[in-house]
Amino acid sequence: MDVRRISPEEALEAIRRGTEEIFPEEELLEKLKESHRTGRPLRVKLGIDPTARDLHLGHLIPVLKLKLFQDLGHQAVLIIGDYTATVGDPTGRNEARPPLSHEEVLENARDYTRLLFQILDPERTEVRWNGQWFGSMSFRDVLWLLSQMTLARMLEREDFQKRYKGQLPISLHEMVYPLMQGYDSVMVRADVELGGIDQKFNIAVGRDLQRAKGMAPQVGVCNPLLLGTDGREKMSKSLGNTIPWDGTPEDQYGKLMSIPDPLIWPYLELLTEVPMDQVRAWQAAVEEGSLHPKEAKMRLAREVVKRLHGEEAARAAEAHFEQVFSRRELPDEMPEVHVAAQDAPGGEIWPVALVVQAGLASSNSEARRLIRQGAVRLDGETVTDANENVIVRDGMVLQVGRRRFVRLRYQG
RNA sequence: GGAGGGAUUCCCGAGCUGGCCAAAGGGGGCAGACUGUAAAUCUGCUGGCGUUGCCUUCGGAGGUUCGAAUCCUCCUCCCUCCA
14 MDVRRISPEE ALEAIRRGTE EIFPEEELLE KLKESHRTGR PLRVKLGIDP TARDLHLGHL
74 IPVLKLKLFQ DLGHQAVLII GDYTATVGDP TGRNEARPPL SHEEVLENAR DYTRLLFQIL
134 DPERTEVRWN GQWFGSMSFR DVLWLLSQMT LARMLEREDF QKRYKGQLPI SLHEMVYPLM
194 QGYDSVMVRA DVELGGIDQK FNIAVGRDLQ RAKGMAPQVG VCNPLLLGTD GREKMSKSLG
254 NTIPWDGTPE DQYGKLMSIP DPLIWPYLEL LTEVPMDQVR AWQAAVEEGS LHPKEAKMRL
314 AREVVKRLHG EEAARAAEAH FEQVFSRREL PDEMPEVHVA AQDAPGGEIW PVALVVQAGL
374 ASSNSEARRL IRQGAVRLDG ETVTDANENV IVRDGMVLQV GRRRFVRLRY QG
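One rule links them: number in my numbering = place in the first sequence (from 1) + 13.
The hints are simulated quantities; they were obtained by calculation from the structure and are not laboratory data. Note that this is a predicted model, so its numbers are computed, not measured. Be aware that one or more of the hints could be misleading.
Derived DMTMM-like pairs (lysine to aspartate or glutamate); straight-line CA-CA distance at most 25 Å [said to hold, decoys possible]:
(1) LYS80 to ASP290
(2) LYS226 to GLU139
(3) LYS80 to GLU26
(4) LYS213 to ASP172
(5) LYS80 to GLU282
(6) LYS46 to GLU23
(7) LYS307 to GLU286
(8) LYS307 to ASP274
Generate the whole structure from the sequences, applying the supplied hints.
So this is what it looks like as structure tokens:
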């Protein structure tokens, strides 16, 4: 808890893990030394915009880094972008974000902080809402902010250039976003700002604004973007390749097991505390064939789930995985669906309707398709004809595809 | 403000000399085979409907026509160039 506990060099080494860029690194070392000498903790900022409800493991990474700083004795400063959320960060976007209502923002912020404080120590985290300063800013102040940026610099950015050339709209307010994020750094006198590498521009703007206000500029500590379960694109909700932060242990474990092999190593580096020597040793072992990649992946999955849900949940998730997927047995627990007696006289029911009622297909057409493709099983028996009724009994298991199970409840 | 270009099914993107268009191709997704629920690969499906047929889709509203994603009118939004 005391910044003087470990040396600045050791601290830097720990911080370096899983970063893509620290800019400038010398400045960070200087700040760490200064802090070590004076005992004054660094103010480490992480900004989150409560724009979406669904957080995933990609969002987790800078939070883990913030936790590390906290453990090193520094001051965590969490900015809740209630005001910026109504603007929307254009970074990497190909369209403007839809504006959110104040209620939505508050609700999202509640979700976010609940998850964040599963990692961070709430007692030692300073939480600031940026509406506090933006809400009362004068137009004159706004103009000052705008004067700190040039159009050319803004348009150099790849995301805007793409939209500009691709004949897609760019609203002026989107260009103000980086200035707002940078101004947050001014207001909380940040020494360090954390974020993904895609935040580099915004963090750099913070440095400029701090300098313009006569402060020592913050240092940016950026992590690489986490690739999603497809192994190609960065993890993002809209691409559907995420592992939800808030997911069940079983779901997270399963999703981690489905990542492409090359992702095992960056995931271990970014999401776990497994010592890097160990990670490298495993990687070498997999490459020379003495360790099965599946085994390495299981260790990864176990570590991540353990970190989010604890030891016991991780073990249970692993057992569940082996049972259902490795041995292809039925899971112990599955959702139950009640089949109304009137829909199934004597247990006889049209299989298409059954699949739809069980929530395993969104339309009759989709259900027909699944049946035609041999994806629907009733107590292990493949349903072959979409037009021929099947008989259901209480407790039967309806399965669609490899991984979706439902237990049928039927009172005839 | 003036001139021109554009809006297509989840996404990108053909079609736009009117019927053969539920709409090419790609991506994504789903399913099957193979597996380590990995990747890669191969195959099929991918608007709805108790489905050899019918219904609703091609920015919005009207119109022409036996028939319109395709032609006409108005509207909305976007982009480009000029100012």
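| field | Hints not upheld, ascending by number | value | none
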